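K.L.:
One letter stands for each residue in the lines below.
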Amino acid sequence: MIVDTQNFMKFSDEFEARFTEMLTHYPTRRSALVPTLLYAQDEVGALTDEVIAELAQRLDLTELEVRNVISYYSMLTTKPRGKYNVQVCTNIACMLRGGEELLDHCKKKLGIGHKGTTEDGLFSLEEVECIGACSWAPAAQVNYDFHENLTNAKMDELLDEYKKKGTQ
Amino acid sequence: MATLVSHPDEVRVISKRFGQGATEIERYLQLDGYKAVQKALGMGADAIVNEVKNSGLRGRGGAGFSTGMKWSFVPKQSAKPKYVLCNGDESEPGTCKDRLIFEHDPHAVIEGVMIAALAVGSHIGYIYIRGEYRYLSVIMQKAIKDAYAKGFLGKNIFSSGYDLDIHWHGGAGAYEVGEESALMESLEGKRGIPRIRPPFPAVVGLWGGPTVINNAETLAAVPHIILGGADWYAKLGTPKNGGTRLFCLSGNLNKPGVYELPMGYNLKKMIYEVGGGISNGRGLKAVVPGGSSTPVLLPEEIDVAMDFDSVAKAGSMLGSGGVVVLDDTTCIVKFALRTMKFYRHESCGWCIPCREGTDWLEKTLTRFHAGAGLKKDIDNIYYLAENMLGKTFCPLGDAAAMPTMAFVKKFREEFEDHLDGKPCPFERTGAAERQPVLA
Numbered sequence: 001m002i003v004d005t006q007n008f009m010k011f012s013d014e015f016e017a018r019f020t021e022m023l024t025h026y027p028t029r030r031s032a033l034v035p036t037l038l039y040a041q042d043e044v045g046a047l048t049d050e051v052i053a054e055l056a057q058r059l060d061l062t063e064l065e066v067r068n069v070i071s072y073y074s075m076l077t078t079k080p081r082g083k084y085n086v087q088v089c090t091n092i093a094c095m096l097r098g099g100e101e102l103l104d105h106c107k108k109k110l111g112i113g114h115k116g117t118t119e120d121g122l123f124s125l126e127e128v129e130c131i132g133a134c135s136w137a138p139a140a141q142v143n144y145d146f147h148e149n150l151t152n153a154k155m156d157e158l159l160d161e162y163k164k165k166g167t168q
Numbered sequence: 169m170a171t172l173v174s175h176p177d178e179v180r181v182i183s184k185r186f187g188q189g190a191t192e193i194e195r196y197l198q199l200d201g202y203k204a205v206q207k208a209l210g211m212g213a214d215a216i217v218n219e220v221k222n223s224g225l226r227g228r229g230g231a232g233f234s235t236g237m238k239w240s241f242v243p244k245q246s247a248k249p250k251y252v253l254c255n256g257d258e259s260e261p262g263t264c265k266d267r268l269i270f271e272h273d274p275h276a277v278i279e280g281v282m283i284a285a286l287a288v289g290s291h292i293g294y295i296y297i298r299g300e301y302r303y304l305s306v307i308m309q310k311a312i313k314d315a316y317a318k319g320f321l322g323k324n325i326f327s328s329g330y331d332l333d334i335h336w337h338g339g340a341g342a343y344e345v346g347e348e349s350a351l352m353e354s355l356e357g358k359r360g361i362p363r364i365r366p367p368f369p370a371v372v373g374l375w376g377g378p379t380v381i382n383n384a385e386t387l388a389a390v391p392h393i394i395l396g397g398a399d400w401y402a403k404l405g406t407p408k409n410g411g412t413r414l415f416c417l418s419g420n421l422n423k424p425g426v427y428e429l430p431m432g433y434n435l436k437k438m439i440y441e442v443g444g445g446i447s448n449g450r451g452l453k454a455v456v457p458g459g460s461s462t463p464v465l466l467p468e469e470i471d472v473a474m475d476f477d478s479v480a481k482a483g484s485m486l487g488s489g490g491v492v493v494l495d496d497t498t499c500i501v502k503f504a505l506r507t508m509k510f511y512r513h514e515s516c517g518w519c520i521p522c523r524e525g526t527d528w529l530e531k532t533l534t535r536f537h538a539g540a541g542l543k544k545d546i547d548n549i550y551y552l553a554e555n556m557l558g559k560t561f562c563p564l565g566d567a568a569a570m571p572t573m574a575f576v577k578k579f580r581e582e583f584e585d586h587l588d589g590k591p592c593p594f595e596r597t598g599a600a601e602r603q604p605v606l607a
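Chains as they are written, first to last, in our numbering: chain G, 1 to 168; chain Y, 169 to 607.
Since the hints were derived computationally from the structure, they do not count as laboratory data. Bear in mind that the values here come from a model prediction, so they are computed numbers and not experimental data. Even glycine gets a Cβ: it sits at the ideal position worked out from N, Cα and C. You can trust all of the hints, since none of them are fake.
The calculated DSS-like cross-link candidates involving lysine-lysine, where the alpha carbons are at most 30 Å apart (straight line), are:
#	chain 1	residue 1	chain 2	residue 2
1	G	K10	G	K115
2	G	K154	Y	K502
3	Y	K559	Y	K531
4	G	K107	Y	K502
A short, non-exhaustive set of chain G residues, derived as facing chain Y with CB atoms under 10 Å:
#	residue
5	Y26
6	L59
7	V69
8	C134
9	F146
10	E148
Stretch-level coverage of chain Y by chain G, calculated; a stretch enters the list once three of its residues show a Cβ under 8 Å from a Cβ in chain G:
#	stretch
11	262-268
12	331-340
13	344-358
14	417-430
15	482-496
16	510-516
This is chain G alone, in the form it adopts within the complex (with noise of 0.2 Å):
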């Protein structure tokens, strides 16, 4: 393979190390596509044709092959989210506690919908299945970060706290 180290799109050094060290340990560079993508949307915001077409370069794939991948995961988007991914798990062990309630609040107070971003970037809101914290719910995950047995109420501090956090 002719690599054009020219064209090369720069990311963190951190993601380039981590990129170096993981294709060490599988034998088919692919191997490393899925987390690398993650890492990748983390740094730029989105996967951006730009993102896809340098990933698929360092991988040995097509940009199809890749963008084939992209679409199977709920996590991965070609569209820039809001600075603040709002994700409430309305799934059964939060339904049962009120995770559709909690997730109508936040439409109301973010004044967009499923999959909706407000007009300042700041916030992005989805409806997600389970995320693994039934035994506290209703819970959501704002970008990584859990937060469990919520209210409204607490989900409005919340809310205060990363628009402060995301104006500043």
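Model the placement of chain Y on the given structure of chain G, informed by the hints.
P.N.:
Just chain Y now, with coordinates in the frame of chain G:
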């Protein structure tokens, strides 16, 4: 960080180091860490497999297959490398136990993978953690790094001449990937589409090499079995159901939480004593005993020992240990709908009975719950589900069908209550419109 709970009936084996700071390798070593793997190095492969077989340890992911037996299927000689794969893609609704293990005792999982590798003659293991559990991936990556730094992993572990590498791997959101063959596809960098079996992973798995795949909780139990002995572990549980397991109590309970109880612990006692009874002074309507894919039990059916065989005899499954409790204000049609919405969302679409079945079932249940159901729909729901059973590449089709059939069978009257344009008798929020989750 998930809150820890406790109850006097708990028998702490897997959760023994929870809250003890065992994520730090020095602390883990103080708490008998990495002693089991050193013992296993002196035992030899066959003795390890026999010990685990005799302990009665059965897969904690849900299938309940004998772990030692699974290991014994791996061929001794293999031209291709053999692999051990730890399944930490925990995503069965109602299940939140592996999360606690990774959070509090990551080295126990590493040690379990090491012992499994010794048992089958593998020199490389992977610990796959779902993408949503990023903070746990951080913990696990550090734990693996620390184990390498100590010389416990890599070349010539514990000066035994045995080489063993273990790596972290992460997912990116997919329930289906928790199925073993889809898990391997995901690790190979592909969509999580299941593989047809046979050949089974023990013969042809990751990159075509023999592969042992075990749930994180199963592997975390292994070091305790090696140190405490098969007899001790087997006696904690019931015949053929050795040990303890982490039960995830959720739903309408006063004290939901993850409790470690002996296999065979009575379900009724688990709900009313350990779980503190039904919340808000309400009555019990039903229990989903082992994660969303297990058939629902009625209040008169819960006087049952929570082990794989007893729950099967009661017409359900012990599954993943996720006990979801429904109070008497819960609409079963709505609960069935929410369950199906999940399976429709997670169906990978590879085989038709699952892809079409979950979609039709969700549509029918949606219409039904909204008050536009027809009497024949009730039988249709059952018929559709029944015709998914056993007709798919992987158990996701079964997982969607089994609970649905039980809901119809056990709550037919409640389905009938939704007929003739009547609004849902339990509707609390008034928002019954379909909220699609599809991307």
